[in-house]
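Protein chains: 2
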Amino acid sequence: MPKKVRIALDAMGGDVGASVVVPGAAIALTRHPDSEFLLFGDSKLIEAELARHPALKAASRVIHTDVAVSMHDKPSVALRRGRKVSSMWLAIDAVKKGEADVAISAGNTGALAAMARFCLRMLPGIDRPALAAIWPTIRGDSVVLDLGATIGGDAHHLVALAVMGSAMASVLFDLERPTVGLLNIGVEEVKGREEIREAAELLRAMNLPQLEYIGFVEGDGIGKGAADVIVAEGFSGNIALKAAEGTARQISEYLRSAMARTWRSRIGYLFARNAFKSLRDKMDPSKSNGSVVLGLNGIVVKSHGGTDAEGFAYAVDVGYEMVRYDLLNKINQMLNRDGSAHGSAQTAQEAVS
Amino acid sequence: MPKKVRIALDAMGGDVGASVVVPGAAIALTRHPDSEFLLFGDSKLIEAELARHPALKAASRVIHTDVAVSMHDKPSVALRRGRKVSSMWLAIDAVKKGEADVAISAGNTGALAAMARFCLRMLPGIDRPALAAIWPTIRGDSVVLDLGATIGGDAHHLVALAVMGSAMASVLFDLERPTVGLLNIGVEEVKGREEIREAAELLRAMNLPQLEYIGFVEGDGIGKGAADVIVAEGFSGNIALKAAEGTARQISEYLRSAMARTWRSRIGYLFARNAFKSLRDKMDPSKSNGSVVLGLNGIVVKSHGGTDAEGFAYAVDVGYEMVRYDLLNKINQMLNRDGSAHGSAQTAQEAVS
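Protein chains in written order, with the numbering used here: chain V, 17 to 369; chain X, 17 to 369.
These are computed hints drawn from the structure, not numbers from a lab.
Be a bit skeptical, because a hint or two may be false.
Pairs count within a copy or across copies, as identical chains cannot be separated in the list.
Simulated pairs of lysine-lysine, BS3-like, Cα-Cα distance not exceeding 30 Å [claimed, not checked]:
{"#": "1", "residue 1": "Lys240", "residue 2": "Lys90"}
{"#": "2", "residue 1": "Lys90", "residue 2": "Lys60"}
{"#": "3", "residue 1": "Lys240", "residue 2": "Lys293"}
{"#": "4", "residue 1": "Lys100", "residue 2": "Lys19"}
{"#": "5", "residue 1": "Lys90", "residue 2": "Lys293"}
{"#": "6", "residue 1": "Lys100", "residue 2": "Lys90"}
{"#": "7", "residue 1": "Lys240", "residue 2": "Lys303"}
{"#": "8", "residue 1": "Lys303", "residue 2": "Lys293"}
{"#": "9", "residue 1": "Lys112", "residue 2": "Lys20"}
{"#": "10", "residue 1": "Lys298", "residue 2": "Lys240"}
{"#": "11", "residue 1": "Lys346", "residue 2": "Lys298"}
{"#": "12", "residue 1": "Lys19", "residue 2": "Lys113"}
Since we're looking at a predicted model, the values are computed, not measured.
Okay, chain V solo, but in the shape it has when bound (with noise of 0.2 Å):
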């Protein structure tokens, strides 16, 4: 029987804290009997609401702290402040010291992804981190990073981006060589921002044996599952990260008030209930909670802030999954295949400049 996989909660992380921490781990508990918990944050309020969760009780340690990040901490006060003494540092700090397999947290990105690359250290090649996260498309499911964790990056970076990504994809998804498209305002070589085009140069040169670099992919093809991995610079990526699903939220709504108008339509909504009740689940946005910080020494889950405790539970089964299937260790090979992504990007350069 393998070890049981160890997961280091910041039980003090989003928007509500303890109250969706603990029984969204307490839901995710139950599809992975095989998992324990650390809970880093105030033991008066994470005994409280494990109090309620006996079984998630007998399975977990709560380490007390006083000391929360706040959402609104910018990452440089975040790490001055909570370096070595809040609940979002010492989850991480406990992937560090070997006491956890990944740690996971719902607060201020910005303040993860930095105490993260502060704490882990990044991986040889990789300068910054990214956040990944599944996206499901219309031919299954794809990786799309970055959705947020660095803003800006040059071309070099977006093709770190690339490589972490295609091993998350051929990890997760089986793939030999997973096909990569680079987020663009156009599919024409000549458009979009100059690192953007210098990238597509880069992969085109390096033709990396991991990965398949199939050319720009506009904001409707992430949807239409243009290419296994899509990559971007973390702020366009959370961009069209957030439009996707506030526009998932909108359809919603307009189909709850559609279905409700006539008494036809209602009757209709009652037949086609389970239709319905599918459809709702592929369009929820909490169901692909759980976003991968890549890039480090170790493995950091980032979920919504603003998620509830199904949310939260969804973020839980990501990091137990990227623990499973050995994500750390398949990124780190994919990494030095050819030598380091960061390497081959430089010699690239010089072949294509």
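Position chain X against the provided structure of chain V, taking the given hints into account.
The following block gives chain X in isolation, referenced to the frame of chain V:
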């Protein structure tokens, strides 16, 4: 009776050209019989299409040119090859010469923005063009800009977008002081790109009488109708638009397949048919086709390149309405209401620095 609206069409623009543009114009003419058309492009192709639409033929004049801007041309190449001779240029030039009230093209966005800027020149105080569209939200419609006319831009550019977008919103939605939000990856003041934070400071300091700045809006805030006007730099605005369109298409695909799966859901579909139709209409991106190129001494409307005749007709509707609403004069009035936006932005800059 007001005089007719004179519409110049780039009949070669878009993925297919005349076979979408001409039938599209024919549909729009039935909705706005007080329109007349100048059709620029290959007269053989145009006449062949016009033969099937006698009412449009009677309201049109064809001006032949062999030269068409390709969807793949860089703006600089399009300008060099297409200036004074291409169907796109001639349509824009008809507005400059006063022979048409509006020019409409489904051609290459970058080329259209560059040619429009070169031919019509910018309004005083505005340095670069923007693409603005009406975005359906849960709360009603919003104006979103820039959807990809200009990539990048500093805080002053974003302030100019805010002023132009407000002018468009106040004209279209009859609002005294539209609310304006800046698209960003978080609502906290510390989040996002520097130029966006700086634009926020400027808008607060300026406290313009023609718009109410309400703060940052995330990607999912657009569909919620968080503000009457959403301002983004062109790259991220385009990504948001396309991601939202892609999601709408994806969900409509899910809906179709969910409703066809069982006999119960098929019966449900029959009962709720009208509700589904109204939902599909709301979700149909082609119904929001037609973005206005703002910032010019003239009105230019951009249609999606891949649209069909129905979709192109919506772009013609937008052009018609912009003329009937006297958009350009109203934007000019707004820009000059308290000195040019540019001038005020500079003063505000000094105030905050």
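Of the numbered hints stated previously, which ones are contradicted by the structure, given in increasing order? Hint 5 contradicted; others consistent.
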